[in-house]
Amino acid sequence: MRNVAIIGYGLTKFGKREGSLRDLAAEAGKSTLESIPNLDRSEIKGFFLTTTDGEPYVTASVAENLGLKPALSAKLENLCASGGMGITVAYGAVASGIVDVCMVLGVEKMSHLKIAPPMEWDFTRGGIMPPAVWGSMYAQKHMREFGTREEDLALVSVKNHRNSSMNPFAQFQKPVTIEEVMKSRPIVSPLKLYDCTAKTDGAAAVVLTNEELARKYTDSPVWITGTGQSSLGASFGNVNPQYTTWPAVANASRDAFRTSHTTPEDIDIAELHDAFTINEIIEYEDAGFVEKGKGGQFIREGQSEIGGKIPVNTNGGLIGAGHPIGATGVAQSIEVVQQLRGEAGKRQVGSAEVGFTLNLSASVSTASVIVYGRKQRSGYS
Amino acid sequence: MAATNQKDDEKRHEHQMQSVKRSNHSSAEGAESSVPESHYPWDVPEYNKIARFFASLSESKIETTKCTLCNTIQWPPRSICSNCLCTDLDWIEIPKTGTVVGFSKAYVGTNPGEEPPMLVAAVHLDGEGALRLLTRISKAKFEDMKVGMKVKFARAALVNGKPYWEHEPLTN
Chain A
1 MRNVAIIGYG
11 LTKFGKREGS
21 LRDLAAEAGK
31 STLESIPNLD
41 RSEIKGFFLT
51 TTDGEPYVTA
61 SVAENLGLKP
71 ALSAKLENLC
81 ASGGMGITVA
91 YGAVASGIVD
101 VCMVLGVEKM
111 SHLKIAPPME
121 WDFTRGGIMP
131 PAVWGSMYAQ
141 KHMREFGTRE
151 EDLALVSVKN
161 HRNSSMNPFA
171 QFQKPVTIEE
181 VMKSRPIVSP
191 LKLYDCTAKT
201 DGAAAVVLTN
211 EELARKYTDS
221 PVWITGTGQS
231 SLGASFGNVN
241 PQYTTWPAVA
251 NASRDAFRTS
261 HTTPEDIDIA
271 ELHDAFTINE
281 IIEYEDAGFV
291 EKGKGGQFIR
301 EGQSEIGGKI
311 PVNTNGGLIG
321 AGHPIGATGV
331 AQSIEVVQQL
341 RGEAGKRQVG
351 SAEVGFTLNL
361 SASVSTASVI
371 VYGRKQRSGY
381 S
Chain B
1 MAATNQKDDE
11 KRHEHQMQSV
21 KRSNHSSAEG
31 AESSVPESHY
41 PWDVPEYNKI
51 ARFFASLSES
61 KIETTKCTLC
71 NTIQWPPRSI
81 CSNCLCTDLD
91 WIEIPKTGTV
101 VGFSKAYVGT
111 NPGEEPPMLV
121 AAVHLDGEGA
131 LRLLTRISKA
141 KFEDMKVGMK
151 VKFARAALVN
161 GKPYWEHEPL
171 TN
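Residue numbers (the numbering used here), protein chains in the order written: chain A, 1 to 381; chain B, 1 to 172.
Since the hints were derived computationally from the structure, they do not count as laboratory data. Take these hints with a grain of salt, some might be off.
[As the list claims (entries may be wrong)] Calculated lysine-lysine pairs in the DSBU-like style (CA-CA distance at most 30 Å, straight line):
id: 1; chain 1: A; residue 1: K16; chain 2: A; residue 2: K114
id: 2; chain 1: B; residue 1: K141; chain 2: B; residue 2: K105
id: 3; chain 1: B; residue 1: K105; chain 2: A; residue 2: K114
id: 4; chain 1: A; residue 1: K346; chain 2: A; residue 2: K199
id: 5; chain 1: A; residue 1: K183; chain 2: B; residue 2: K141
id: 6; chain 1: B; residue 1: K61; chain 2: B; residue 2: K146
id: 7; chain 1: B; residue 1: K150; chain 2: B; residue 2: K66
id: 8; chain 1: A; residue 1: K45; chain 2: A; residue 2: K13
id: 9; chain 1: A; residue 1: K114; chain 2: A; residue 2: K199
id: 10; chain 1: A; residue 1: K174; chain 2: A; residue 2: K346
id: 11; chain 1: B; residue 1: K61; chain 2: B; residue 2: K141
id: 12; chain 1: B; residue 1: K61; chain 2: B; residue 2: K139
id: 13; chain 1: B; residue 1: K49; chain 2: B; residue 2: K66
id: 14; chain 1: A; residue 1: K183; chain 2: B; residue 2: K105
id: 15; chain 1: B; residue 1: K146; chain 2: A; residue 2: K292
id: 16; chain 1: B; residue 1: K150; chain 2: A; residue 2: K292
id: 17; chain 1: A; residue 1: K294; chain 2: B; residue 2: K105
id: 18; chain 1: A; residue 1: K174; chain 2: A; residue 2: K13
id: 19; chain 1: A; residue 1: K294; chain 2: B; residue 2: K146
id: 20; chain 1: B; residue 1: K141; chain 2: B; residue 2: K152
id: 21; chain 1: A; residue 1: K16; chain 2: B; residue 2: K105
id: 22; chain 1: A; residue 1: K183; chain 2: B; residue 2: K146
id: 23; chain 1: B; residue 1: K49; chain 2: B; residue 2: K96
id: 24; chain 1: A; residue 1: K30; chain 2: A; residue 2: K346
id: 25; chain 1: B; residue 1: K105; chain 2: A; residue 2: K199
id: 26; chain 1: A; residue 1: K375; chain 2: A; residue 2: K45
id: 27; chain 1: A; residue 1: K216; chain 2: A; residue 2: K69
id: 28; chain 1: B; residue 1: K105; chain 2: A; residue 2: K292
id: 29; chain 1: A; residue 1: K16; chain 2: A; residue 2: K183
id: 30; chain 1: A; residue 1: K30; chain 2: A; residue 2: K375
id: 31; chain 1: A; residue 1: K174; chain 2: A; residue 2: K309
id: 32; chain 1: B; residue 1: K105; chain 2: A; residue 2: K174
id: 33; chain 1: A; residue 1: K216; chain 2: A; residue 2: K375
id: 34; chain 1: A; residue 1: K216; chain 2: A; residue 2: K30
id: 35; chain 1: B; residue 1: K61; chain 2: B; residue 2: K96
id: 36; chain 1: A; residue 1: K114; chain 2: A; residue 2: K13
[Claimed, not checked] Chain A regions said to be covered by chain B (calculated; three or more residues, Cβ under 8 Å):
id: 37; region: 132-139
id: 38; region: 182-194
id: 39; region: 229-237
Where is the CB? At the ideal position from N, CA and C, for every residue including glycine.
With the hints as extra help, turn the sequences into a complete structure.
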């Protein structure tokens with residue numbers, strides 16, 4: 001097993017976009033290839049497309065558009081966690097030596113869909129399919145048990161919109177006030193419009209290689225130092241019986257900290273999966289950044305702001321930057337790479353050494369966590 | 001061989017037509033059908049070993065499967081026991097009463113003809129299996145709802161090919 005680094009990235013502007021899924025993939029792929037001028041396309045031997053799009057053979061079609069001829073390629077899909085999971089799989093392929101250079105390209109075209117993504121398999125929801133329904137159930141119980149307030153949820157949205165206003169690739173470019181969030185139209189109480197993500201078109205890609213080759217392509221590789229993933233089911237009725245604690249998040253975080261030889265105290269920046277504002281609050285807790293029940297206090301005290309103890313969702317998160325399902329986890333990784341390299345512009349957190357991403361699926365049934373470092377991990381465990 | 005194929009093709013065509021009819025029907029109603037249709041019909045036994053789940057919903061019953069070997073209840077219903085992998089399963093009705101653990105007014109996700117907001121709840125069912133589900137609440141106002149209140153099954157149906165069910169307050 002060899003150490004693995006991210007050596008380049010590229011993404012499209014997120015939002016309602018003209019063009020097809022292939023057009024968006026081409027845009028992000030081109031920008032990624034341009035970010036690594038020393039890389040010849042023929043060296044890309046692994047290519048994974050992460051998307052919930054159902055079209056057969058779309059991976060080969062996208063690779064063909066970009067002039068790639070990979071030895072190993074596949075579409076990887078795990079609903080909203082597709083991107084994080086795809087990078088984890090690519091990490092395995094590069095660490096093991098199956099391929100030396102691998103691109104992961106996440107893409108989604110959603111603006112034309114009435115509701116996305118479809119989730120027909122979850123019969124336990126009794127046909128009540130909007131994800132905001134489970135979000136509201138989790139939120140209410142957290143508010144009841146730990147005194148988390150509706151205003152705390154709103155503060156997550158305010159922070160993430162402020163961050164996205166400094167991210168030129170984000171879907172939402174304007175900050176919002178706490179009053180605007182509190183007065184926004186109800187979706188599923190207590191969740192309101194600004195507590196939720198929107199439909200987003202977009203694509204994002206990264207390229208991974210091993211420790212022997214990384215410096216050939218970049219002076220500032222960002223190392224993947226640990227990974228963890230946990231899939232505990234698919235249906236609302238079969239996961240998270242406590243509602244306010246999410247075992248998949250705790251499992252994946254624990255494994256990522258263990259494999260990266262880090263602890264939550266080492267993390268300088270985290271991208272969490274704020275499908276709803278309540279998610280970010282519960283994730284502060286289950287990832288291990290704060291004690292159970294203290295998530296509301298963490299946002300209230302500004303600890304997850306840029307300049308706080310652990311800046312969270314500096315790119316704007318899913319709520320501010322957008323949530324193009326298959327591209328979301330890849331965009332989270334890109335934000336960590338930018339922050340660790342000092343390339344995050346107005347939203348740069350200062351000097352960051354260690355980063356963390358958490359990508360989730362369907363009523364928090366799957367979690368995928370990656371830990372990143374500016375320094376290569378010593379030895380392989 | 002050729003005859004079988006032709007027969008199969010006819011059947012497939014029939015199913016396709018059914019499916020087309022169904023989608024025409026829902027679009028005629030101006031349906032914001034929140035869930036697109038399956039690429040094959042889930043309520044036809046030939047295509048789905050749990051087709052009975054859908055048939056029962058049409059008769060206003062919520063059924064699921066129970067393993068004849070280890071007695072584990074599967075929820076949602078399956079063709080295999082997730083505990084012991086036995087495929088010999090019985091159909092049972094899920095328990096009719098339970099406890100509200102969360103409730104809300106949902107302004108999204110309503111079916112065609114349903115006026116938002118709908119009153120929805122997460123319910124933990126009584127009895128064996130400790131089954132959990134989301135449901136619509138009828139015969140109650142949002143203001144009447146309480147966490148911990150008991151509810152009972154009211155009715156079930158298949159709406160545009162999707163499961164649909166309601167619970168109502170249990171009053172003794």
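Structure-based check of each hint:
no.	hint	verdict
1	A/K16 x A/K114	holds (14 Å)
2	B/K141 x B/K105	holds (10 Å)
3	B/K105 x A/K114	holds (21 Å)
4	A/K346 x A/K199	holds (26 Å)
5	A/K183 x B/K141	holds (23 Å)
6	B/K61 x B/K146	holds (26 Å)
7	B/K150 x B/K66	holds (25 Å)
8	A/K45 x A/K13	holds (27 Å)
9	A/K114 x A/K199	holds (10 Å)
10	A/K174 x A/K346	holds (14 Å)
11	B/K61 x B/K141	holds (24 Å)
12	B/K61 x B/K139	holds (19 Å)
13	B/K49 x B/K66	holds (14 Å)
14	A/K183 x B/K105	holds (16 Å)
15	B/K146 x A/K292	holds (25 Å)
16	B/K150 x A/K292	holds (29 Å)
17	A/K294 x B/K105	holds (27 Å)
18	A/K174 x A/K13	holds (15 Å)
19	A/K294 x B/K146	holds (25 Å)
20	B/K141 x B/K152	holds (16 Å)
21	A/K16 x B/K105	holds (29 Å)
22	A/K183 x B/K146	holds (25 Å)
23	B/K49 x B/K96	holds (24 Å)
24	A/K30 x A/K346	holds (25 Å)
25	B/K105 x A/K199	holds (22 Å)
26	A/K375 x A/K45	holds (25 Å)
27	A/K216 x A/K69	holds (21 Å)
28	B/K105 x A/K292	holds (27 Å)
29	A/K16 x A/K183	holds (24 Å)
30	A/K30 x A/K375	holds (28 Å)
31	A/K174 x A/K309	holds (25 Å)
32	B/K105 x A/K174	holds (29 Å)
33	A/K216 x A/K375	holds (17 Å)
34	A/K216 x A/K30	holds (20 Å)
35	B/K61 x B/K96	holds (10 Å)
36	A/K114 x A/K13	holds (22 Å)
37	132-139	holds (count 5)
38	182-194	holds (count 6)
39	229-237	holds (count 3)
Checked against the numbered hints above, the structure violates none of them.
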